[in-house]
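Peer 1: In case you want the letters, here they are:
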Amino acid sequence: MTSADSPAAGDARPDLDACDNEPIRIPGAIQPHGVLIALSQPDFLVVAASANLGDVAVVAAAAVTGQPAAVLLDTETLEHLGTLLRRGDADGSGTLLPLRFLADAAGRLHRAWMHRHDGLVILEIEIAGEAGPPAGIAGGLFLALSSAIERLQAATDPDALWAQAVREIRRFTGFDRVKLYRFQPDWSGEVVAEDRAEHMPGFLGLNFPASDIPAQARALYAVNPTRIIPDVGYAAVPLLLGPERAGRPVDLSFAQLRSVSPVHLEYLRNMGVAASMSVSVLRGGELWGLIACHHDRPLHVTAERRQACRLLAQVLAWQLAVAEEAAVARHSAEVRALQARVLEETARGHDHRQAILRHANELLALMQASGFALVTPDAVTLIGATPDEAATRDLALWLAGREDAAASFETDRLGVFYPPAQAFAALASGVLAVPLSRPPRQMMIWFRPEVAQTVTWGGDPRKPVEPAPDGADRLTPRRSFAAWKETVAGRSRPWQPHELVAAGELRDLVLDVLVRRAEELEQINIQLARSNEELEAFTYVVSHDIREPLRQIETFASMLERVVGGGTAAPGGRIGRWVEGIEASSRRLRTLIDDLTEFSRLGRHAQPMAPVALGEVLVEAESDLAQAIAEAGAAVVLAADQPVLLCDRGQIRQVLQNLLSNAIKYRHPGRAPRIVVALAPEPAEVPPRRRPMLRVSVTDNGIGFDPRYAARIFEPFQRLHGADRYPGSGIGLAICRKIVDRHGGVIGAEGRPGEGATFWFTLPAAPGGLP
Amino acid sequence: MMLALPGQEPALPVVLLAEDSAHDRLILEEVFQEAGIAAQLRFVEDGEELLDYLKQRGAYAAGASVAPWPAVVLLDINMPKVNGHEAVRAIRADPLLRDLPVVALSTSDSPKQIALAYSLGVNSFLTKPARFASFVELMRMFGNYWLQGVRLPPQRS
Numbered sequence: 001m002t003s004a005d006s007p008a009a010g011d012a013r014p015d016l017d018a019c020d021n022e023p024i025r026i027p028g029a030i031q032p033h034g035v036l037i038a039l040s041q042p043d044f045l046v047v048a049a050s051a052n053l054g055d056v057a058v059v060a061a062a063a064v065t066g067q068p069a070a071v072l073l074d075t076e077t078l079e080h081l082g083t084l085l086r087r088g089d090a091d092g093s094g095t096l097l098p099l100r101f102l103a104d105a106a107g108r109l110h111r112a113w114m115h116r117h118d119g120l121v122i123l124e125i126e127i128a129g130e131a132g133p134p135a136g137i138a139g140g141l142f143l144a145l146s147s148a149i150e151r152l153q154a155a156t157d158p159d160a161l162w163a164q165a166v167r168e169i170r171r172f173t174g175f176d177r178v179k180l181y182r183f184q185p186d187w188s189g190e191v192v193a194e195d196r197a198e199h200m201p202g203f204l205g206l207n208f209p210a211s212d213i214p215a216q217a218r219a220l221y222a223v224n225p226t227r228i229i230p231d232v233g234y235a236a237v238p239l240l241l242g243p244e245r246a247g248r249p250v251d252l253s254f255a256q257l258r259s260v261s262p263v264h265l266e267y268l269r270n271m272g273v274a275a276s277m278s279v280s281v282l283r284g285g286e287l288w289g290l291i292a293c294h295h296d297r298p299l300h301v302t303a304e305r306r307q308a309c310r311l312l313a314q315v316l317a318w319q320l321a322v323a324e325e326a327a328v329a330r331h332s333a334e335v336r337a338l339q340a341r342v343l344e345e346t347a348r349g350h351d352h353r354q355a356i357l358r359h360a361n362e363l364l365a366l367m368q369a370s371g372f373a374l375v376t377p378d379a380v381t382l383i384g385a386t387p388d389e390a391a392t393r394d395l396a397l398w399l400a401g402r403e404d405a406a407a408s409f410e411t412d413r414l415g416v417f418y419p420p421a422q423a424f425a426a427l428a429s430g431v432l433a434v435p436l437s438r439p440p441r442q443m444m445i446w447f448r449p450e451v452a453q454t455v456t457w458g459g460d461p462r463k464p465v466e467p468a469p470d471g472a473d474r475l476t477p478r479r480s481f482a483a484w485k486e487t488v489a490g491r492s493r494p495w496q497p498h499e500l501v502a503a504g505e506l507r508d509l510v511l512d513v514l515v516r517r518a519e520e521l522e523q524i525n526i527q528l529a530r531s532n533e534e535l536e537a538f539t540y541v542v543s544h545d546i547r548e549p550l551r552q553i554e555t556f557a558s559m560l561e562r563v564v565g566g567g568t569a570a571p572g573g574r575i576g577r578w579v580e581g582i583e584a585s586s587r588r589l590r591t592l593i594d595d596l597t598e599f600s601r602l603g604r605h606a607q608p609m610a611p612v613a614l615g616e617v618l619v620e621a622e623s624d625l626a627q628a629i630a631e632a633g634a635a636v637v638l639a640a641d642q643p644v645l646l647c648d649r650g651q652i653r654q655v656l657q658n659l660l661s662n663a664i665k666y667r668h669p670g671r672a673p674r675i676v677v678a679l680a681p682e683p684a685e686v687p688p689r690r691r692p693m694l695r696v697s698v699t700d701n702g703i704g705f706d707p708r709y710a711a712r713i714f715e716p717f718q719r720l721h722g723a724d725r726y727p728g729s730g731i732g733l734a735i736c737r738k739i740v741d742r743h744g745g746v747i748g749a750e751g752r753p754g755e756g757a758t759f760w761f762t763l764p765a766a767p768g769g770l771p
Numbered sequence: 772m773m774l775a776l777p778g779q780e781p782a783l784p785v786v787l788l789a790e791d792s793a794h795d796r797l798i799l800e801e802v803f804q805e806a807g808i809a810a811q812l813r814f815v816e817d818g819e820e821l822l823d824y825l826k827q828r829g830a831y832a833a834g835a836s837v838a839p840w841p842a843v844v845l846l847d848i849n850m851p852k853v854n855g856h857e858a859v860r861a862i863r864a865d866p867l868l869r870d871l872p873v874v875a876l877s878t879s880d881s882p883k884q885i886a887l888a889y890s891l892g893v894n895s896f897l898t899k900p901a902r903f904a905s906f907v908e909l910m911r912m913f914g915n916y917w918l919q920g921v922r923l924p925p926q927r928s
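Protein chains in written order, with our numbering: chain A, 1 to 771; chain B, 772 to 928.
None of these hints come from the bench; they were simulated from the model.
Incorrect hints may appear among the rest.
The list that follows gives simulated cross-link-like pairs (lysine to aspartate or glutamate, EDC-like), each with its CA atoms no further than 16 angstroms apart [stated by the list, open to error]:
1) B:Lys883 x A:Glu598
2) B:Lys883 x A:Glu536
3) B:Lys852 x B:Asp791
Note that the structure is a prediction, hence the values are computed from the model and not measured.
Using the sequences provided together with the hints, build the complete structure.
Peer 2: Following this line, the structure appears as structure tokens:
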């Protein structure tokens, strides 16, 4: 860039690294368009004076250095100076001091710029370029300033504001080219606005490497916001030091006349610039940008007008803040509205993930993103342009493994931090990830595509310096500022601060919702525990208080039977049949109560899951049913090896017992029951991280059933046959389903009337238990 | 409550039955009669009355004339006020009562109930059968065992 005091060095150029340390604050010389006097405090000795002092003071610099100020300045000036110092006017950037030299018989009144620094009072009198105001400024400076400020305030969006700012500065200074140069986070810079005369080459949109304005020059721009070089071809005027300085140079950090680095002058000349001025744009004390002014002929701008430019730069900074705040406020309002909708839906009972996904497109638009992913332990939901599911989950794992994984992560160049992302750089060079839980197993990720960025540099940024043209053994600033295009890959548009704030707010919102969900769950758990207690009490009532009168009914019935029937033999009379009816109904009711009690108790007496060989449990279930099997002449065949299930042995024994018992009970009248128990691995479920399952099937050659009822038969007390033909309460299969549910498995049945049935269920395989 | 069964002498051993259900008391009377158990069957209707009887207080303060010492107590578990479990606990905690034979007689056949009753100190546990004939058979065994078979602890004076 053009405004630096030094072009500085590229990497690995030790002789130019020194530029970064070049003593630009103490050059020991000034530019020739003024004179400089430095006074000590509090004794007001002239400790330094520029060699050209005689041009205005009628007395030679050498004659006054080391002397009291009273030999140089008249009494009135000294008194005025004392007053300004006491009032503190000379602190900070300084003030104007009306000044007369003692030796000047004509008594000319000069306007000296006066500031205090490093224990010295520094007076600068500019003698060049006192021509009238540039054509752009009619009337007084003050009026011109206030109308310029009004125009700046009228520009609400940043682009318009920048354009207006360079126009105003050009109007105030008369420079033929005024640019607004904006620093990037890496201190490279881009010309974002430019106003120029037609004959001046344009730099708008060009980028300049950070080394064009080295750190130490940037530090100076941050403290001394204006800098002018009226004539790049100037001959520097040395500062003469009084003897008491003992050669210690005067710090000219805040001086207007400071002589700049010869390397910088060469840089300007290479650019075809004859006069240069710069005004810093500071935001919060930080250097945000520079207004750089160039002229192809010498041009001076008075201190007053430079101050006016400085004020305009401040207005620009304020207006930028206003414009940005307005943009952020608009954005926040939109974000809040969206948040309110998500919150409302969640409050209405929707899952927060559903609510987020329902508004994913708005989230995309708000975050200026092209893709969105909601990652949870069981699912990756992708919206818009994103990497595929596997790649997104891998990315989420990497994000969750970072040291500060609890914090949000954002980048506009993911591939630099996470090399696998280079494979999908086009989709997702920009990533903003916001964890939704701690540890961060849930997260929202926004993606921004690669912007096939072409950065146009003002000259080759890799070669900020070149060998000197005369072949001497030194390097000089580059001479070509012709546009040099570089394609930057793997970058997205950067995330803006207000977007990060919005993402953070969204995270807080979701976390709030999650906390509320957890509280609701806790409430539900408490209610569940209460219901369970009530259910137990109910079970007790059923198992005892209903059993007792039922038993009494049975006993009375049998007592009655004894009287009317004259014994336990089948009674012949009507009353005897009625008594028989009472007994049968009572027995059935007792069976129902027994089954219901067992059903409701299931799980409460459950044992922990353990590896169990299917064959062993089957043998146990067969022995439970030995009598029924023998009576029916049934054959039970195990058509499998000895696969190992992970289950509650007692409960699975009961499931097999119920299924075998059913197969025998519903046998076909025309053939002997044959029951085949088989086992096969269950196809992998989705998501695949679930443990492997085995499917146990029990196939019979019995009466079968109408497949329409395949689901209903697992409901409690659902029967397909009258209780008279096939006794039972219809609870057996419901018990089976409950047990299989408890194991995380599924139960089902297939059959056709008259053609037998297959009942099957799945259970987790024990580790290494697959056949 | 005293039910001197017809044709029985007052000298017969007393079986004290704690049973809150009037229907069960009716059934048990019939069962005892059918089984031909040589005993006086006396009823109390809950655990509290049982303890009053055994400690000869309240309605039974008149002593042995209204509360003759039982050879064995038949105890329903599910009773109002003081239930069977609490009654066993109180009997076993009382030095004067702790050697008294107590047989639980319950509708329940749940292993949990049975285990609890034994842990509290019942001498045996019977489940009430539903069929009258089975009930008669069970009580006949009970009578044979407790009233004729076993040697009971010496009667208190």
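Peer 1: Against this structure, judge whether each hint is valid.
Peer 2: Here is what the structure says about each hint:
| no. | hint | result |
| --- | --- | --- |
| 1 | B:Lys883 x A:Glu598 | holds, 14 angstroms |
| 2 | B:Lys883 x A:Glu536 | holds, 14 angstroms |
| 3 | B:Lys852 x B:Asp791 | holds, 10 angstroms |
Hint violations for this structure: none, all hints satisfied.
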